[in-house]
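Engineer: Listed below, chain by chain, are the residues.
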Amino acid sequence: MKTQWHKIAFGALVLALPLASCDSKLDIEPVTNVSPEKALQTSADVEALLNGGYEQLGGQYLYGGGLQYYADLLGDAGDVQFGGTYLQPKELISKSVLTNNAFVASTWTSAYATINTVNTVLANLDKVSEVQKKRVEGGAKFIRGALYFELVRYYGKAWNDGNPSSNLGVPLVLTPTDVNKSPGEEAKVKRNTVAEGYAQAIKDLTEAEALLPASNGFFATKYAASAMLARVYLQQQEYAKAAVQADKVISSGNYDLVYPYAAEFAALGNTQEDIFAIQLTPQSGINDLNTFYSINSRGEIYLTETFVSQFEPDDDRLNSIDYDYGLSTKFDNIHGNIHLIRLAEMYLIRAEGNLRAGTEVGAAPVDDVNMVRERALLQPYGDVTIDEILLERRLELAFEGFLLHDLKRTEAQVDNLPWNSPKLVLPIPQRETDVNSNLAQNEGYN
Amino acid sequence: MKHKVLLSLVLYLLLGAAAWAQTRSVSGRVTGAGDGAGLPGVTVLERGTTNGTSTDANGAFTLTVQDGASLVFSSIGFVSQTVPVTGSTVAVRLQTNETLLNEAVVVGYGSQAKADLTGAITQVAAKDIQNTPVPTFEQALQGKAAGVFVENTGGKLGQAVKVRIRGTSSVSGNNQPLYVVDGIPIISEDQSTSSAATNPIADLNPNDIESISILKDASATAIYGSRGSNGVMLITTKHGRKGKTNFNLGVQYGTSEPTNYRKFLNAKEYVELVSEAAANENERDPSFDYVAYTNVRLRRWSAGNDDYKTGAVDTDWQKEVLQKNPFSQYDLSASGGDDKTRFYISGGYSDQKGILISNRFQKMTSRMNLEHTATDKLTLGVNLSLARTENHRLDNDNSFGTPMQIVALSPITPVIDPRTQLLSGALDLTTGLPNTLYPVYYNPLLSVENASNETTVYRALGNVFAQYQIVKGLSFRTEEGIDFLDQNEEYYSGRLTARNTDFTSNGNAQSNYSQNVRFTTNNFFSYRYTASEQHSLEAIVGMSYEGRSYRANSVSGQQFPSDSYKSIASAGLINAGSSSESASSLLSYFGRANYAFDSKYLVSLSARVDGSSRFGANNRYGFFPAASIGWVVTEEAFLQDQKVLSFLKPRISYGKTGNQGFGDFSARSLYGAGSYGALPTQRPVQIGNPNLKWELTTQVDAGLEFGFINNRISGEVDVYQKKSDQLALNVNLPGTTGFTRQLQNLGKMDNKGVEFALNTQNLVGNFTWSTNFNASYNKNKVVNLNGQVIEGGYINRAVEGQPIGVFYTVEYAGVDPENGDALYYLNTTNADGSLNRSTTPDYNAAQRVVVGNPNPKWTGGVTNTFGFKGIDLGFTFQGVFGNKVFNGAGQYMSASAGNGYDNQTADQLERWQKPGDITDVPQARLFEGNGVANSTRYLSDASYVRLKQVTLGYNLPTAWTTKVGMQRVRLYFTGVNLLTFTDYEGWDPEVNTDYLAGNIGQGNDFYSTPQAKTYTWGINIGF
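In order, the protein sequences belong to chains X and P.
Going letter by letter, the first sequence gives residues 1 to 446 in full-length UniProt numbering.
Going letter by letter, the second sequence gives residues 1 to 1023 in full-length UniProt numbering.
It should be emphasised that the hints constitute simulated quantities derived from the structure, not laboratory data.
Incorrect hints may appear among the rest.
Said to hold, decoys possible - Chain P side only, calculated, beta carbon under 7 Å to chain X, not exhaustive:
1. Gly611
2. Gly674
3. Thr681
4. Val685
Note that CB positions come from ideal geometry on N, CA and C, so glycine has one too.
The task is simple: from the sequences and hints, build the whole structure.
Structural biologist: Okay, structure coming up:
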């Protein structure tokens, strides 16, 4: 018996050895993706997180294309036709967006994912080295301000439609989500008002303008923040303020128009005209303007005679149209940067702002408009009207995401709908109202 | 710690009991009833235990058993016999038999006599699967095992095979069974980097398999704990036996062809229908001249000439890609050994060219199984297989480059462009580049010579083991297994494929490497105890640890100097590169005890504790118990005096099993890296769930096993209910959190079913005839998805109250006889709550409803086997009933020429043409898509019955073969998928398009490849 027990003891030992050492083997650290504690330790980590915010800002449902072409499809009155198979752009151009439109939902979720990223940046500024701190904080606020501006004007009623202080905008989330616990009731946020949304955008962009340097690689600069503020004020019909912001950019002397017009869009990288651009490389980024407008990709948004007929015959910008296929060639570079804010737009904002406000900040309105017309190889105006400026905006900035918003602020008819039709406001995505009972839906949707 | 204490206690109790056992040695010889020759390889098992051996080449065996033991002699194809041990020798003559009632059945960490089983297990023997000309053994199981549903995604070789044991039990996790080879769980999940999934099980050589034991109920699977819910396939490979060395050579040649071709329009019909569609549209929309526009295009696709007007060119494009292609297979094995050492070694090579052009699957395998008895207490050995497979793959079904999409090309387009004498589409003389507008779409034949997609897998799978007998009745076994899968995918597409890729990259290449490694150690004690004739106890207790790691990288290049350069090294531009890494681990403790009283009353208890790295920090360990009981009624005294009922055993089992088939780090919050303007970025990518745990299935099974007339009629019936709970679902989160979803254990799903198996020996004697029949019914129902609707496929969805993957779409109502409009049933709810069945031409006005189920209600098979003087004939019919298939390509290929210029299926000629026409094909209206939106128009019943396999063999008389020094010569013919009976309108009803295949995306056809019909001739020589 005794020898048997020795054997048993040996056997038990063999069994017990792996048991004793295995338990810790259940803790496996992820490698390709990493845990939040490992991700956020140093200043460089937080800077990389901010870069992530820029990357997300350039996502296909944000400034990678969606935020631009939604405005040109929803605001369209026959300038273009959509000939593709995707239902989501079809719903936009036919002004019958459904609450389950996946693109509209992705814009919402992408925007808030980006906001969560930059909120995390702002919550971790203590890790950032002093020399970087202002640049990082400014960048985060630029991104957040720009996104709340886009969200509130797409998902809320126009600033000029009724009372923005009672009209519902979007929820303002200003702190990061705690990743160490599951989101609970506190995650069911309510919509803030349109006015609160604009106020947050202006606050963030104004702070960004103060924090950001004049030169910041291809990231947002002080002038990018000024330019975005100019857009916000223009949308609010705060014309004098818009002109002042646009003037800051123009008078910096940092930017020049690129000749000819087509060269601005043919450029792969940032140009002298770009105040802020979304960076694309063959390795990263999706250019959804290329996807839908370009012959090099799906090429499904066709330009009509109605669009072409608005140009003067000699307009150089007509050379950015491929007549064989009826497509715009502005976005033919699949890996080319998206030239989001261009100097030409600043000239047109300053012109319109000055003309409407009766001021001449920086230059006379007609001179600003002529800067743009000259580049288009057109005769300069001797005198300019609001309608001429608006037409110039439409032609110069075609398919760059302005149409719907311009029509709303100028209270113009959109196809056969009035400017303030509920159909021109995007629905709160159904996936959001399904999981958050505190989110009220927009008028006309259920 | 708790587990260790428990373990010691169990050990102590077991070991204490061991001291009483008395043993004796028995030897004997087993012969066949017919010629009286010794039967090698008969399993000799001490009844009620796992103690056993098998006979050597002469039929002899020696075994040490408990006093008063009975021996069970079993061998596949023979009637098992139970013989009480009275002296020290036993002589047994086994009768041939097709019933499998008393065979030794492999169970988790051991084996049991089938008569003593209290769980639901189906064992399939080597003879049922070997030499079946299919790439992977699961395909040979179709129609042969009750409760096991096997469905191919399509006829492409080496692709994933859907295997469902007793239905689908997970909504978002893995639903394939756990595959275990010689005790070691192996890699079975998809390894493909494209959306056309591959099947790592195809790396096994089916001819190395001795048996497959399919564990179905919780009693059988709970010992595999958190991986048991989907059933377990225990694969045992062949082993050597003491005696003379036997060689076996097998050679098999054959041909494959498609099970079916579809009829498409010929040139004249195509021109007629397309022209009619254009003319109709001219009337409906006078603002544009559709006829002129169409004529320009017809001329273009007629290679720029007027042949289209006369039908001079009439290409059946389908025939260009679906072909007859050869199959060949060679196997050589040797097995034998002596008292100390037994071995089985084999080498195999098979080469199958697919029915689809440029599809080819080659497999080279070798295996060495070695067992050495070092002392009378210590046995050790190794089971090792090395394999190399090379798969010439194709694009997924949703690519213009996949050969089957060729059917969209116009029959008026010649294969060879007369202007260039090259393949149509290869060269546009005006640009010097491939055509962009000719033929109507990219010509997939251009990919045949100018693109390649090769996957090469090197697989080392094996284990070393040692078993030590500590005291009589108690032994300890340790197994260390490794599964190493190294895969390389090389993809290249040259300049001529530009229309399918792009015109600027000048060649695209991609190279993916992955290394998938699993390490397993099993360590367990086995104990058996027989106190007397009446009590027998068998128990195991042990632990296992498994570690899995995965590493992969890929690199892509473009800009090649010419199409002669195909490797990334020659790329002018490296445009992408990536890597990934993942790992998981599983730490488990398991035990099982089987107790039999008087061989009548059977009880089995088993349990496993699984700790998994995949579970959240708050739920690291899961507990999976099971219990079962059985009653061998025929052992009762009151049934001893009758001859009719030879076996009757009711049994019941209940237990819990788990599923952890979700991502390695699903429970964790994660940050991921990216790039912006070539600068590094990071951001949160996942919010974790520290409570995440296994999916839990509770299964109840009641079975009845029976045998009549000396088991000439035998069978079993099982009813079961599987209730799956805490299913891991991606639950939507408010997007305002920055996250869209979180994996939570919320879902519930039920499966209920009945299985029936019947084996009869209709004729015995010189002429034998036996029949094996099985049928299974399973009903799946999604019970709780937290109110979510999860969509998949084209129109599949998981929705509460319905089976998983139901088809949900608008109901087609045919054609308005007045105007040719496609009509749909409104299916809206009337004020009184009834369904509004009136029709509407407005698709958007019609309500979507549940219109069908992709899961079959019934599946089954019948195999008849005849034998006469060395000739054997077997044929299997397989049936699948009650499921539907949606043709996602219907909107293009069966669109009454209303959705572009795709060639149309011949049935579109039945289109509406004038008021009063009664048809269900709407009026042809070019570009208008009259009736092409997703609806039941493209949904059809996909029930089928197939003559799955026919084998006719002839064993040459031994008297002849011995003269030339051979023991055995067998010549045979085998055919697979020879006949298919179905109402399905597409190529083949067994289909699930690869790019949408998933738990919810089921039953979809999209230019999917039909199954192969394969005929082979073979010879097996034993010497």
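Engineer: Each hint needs a verdict: does it hold in this structure or not?
Structural biologist: Hints, verified against the model:
| no. | hint | result |
| --- | --- | --- |
| 1 | Gly611 | 5 Å, holds |
| 2 | Gly674 | 5 Å, holds |
| 3 | Thr681 | 4 Å, holds |
| 4 | Val685 | 6 Å, holds |
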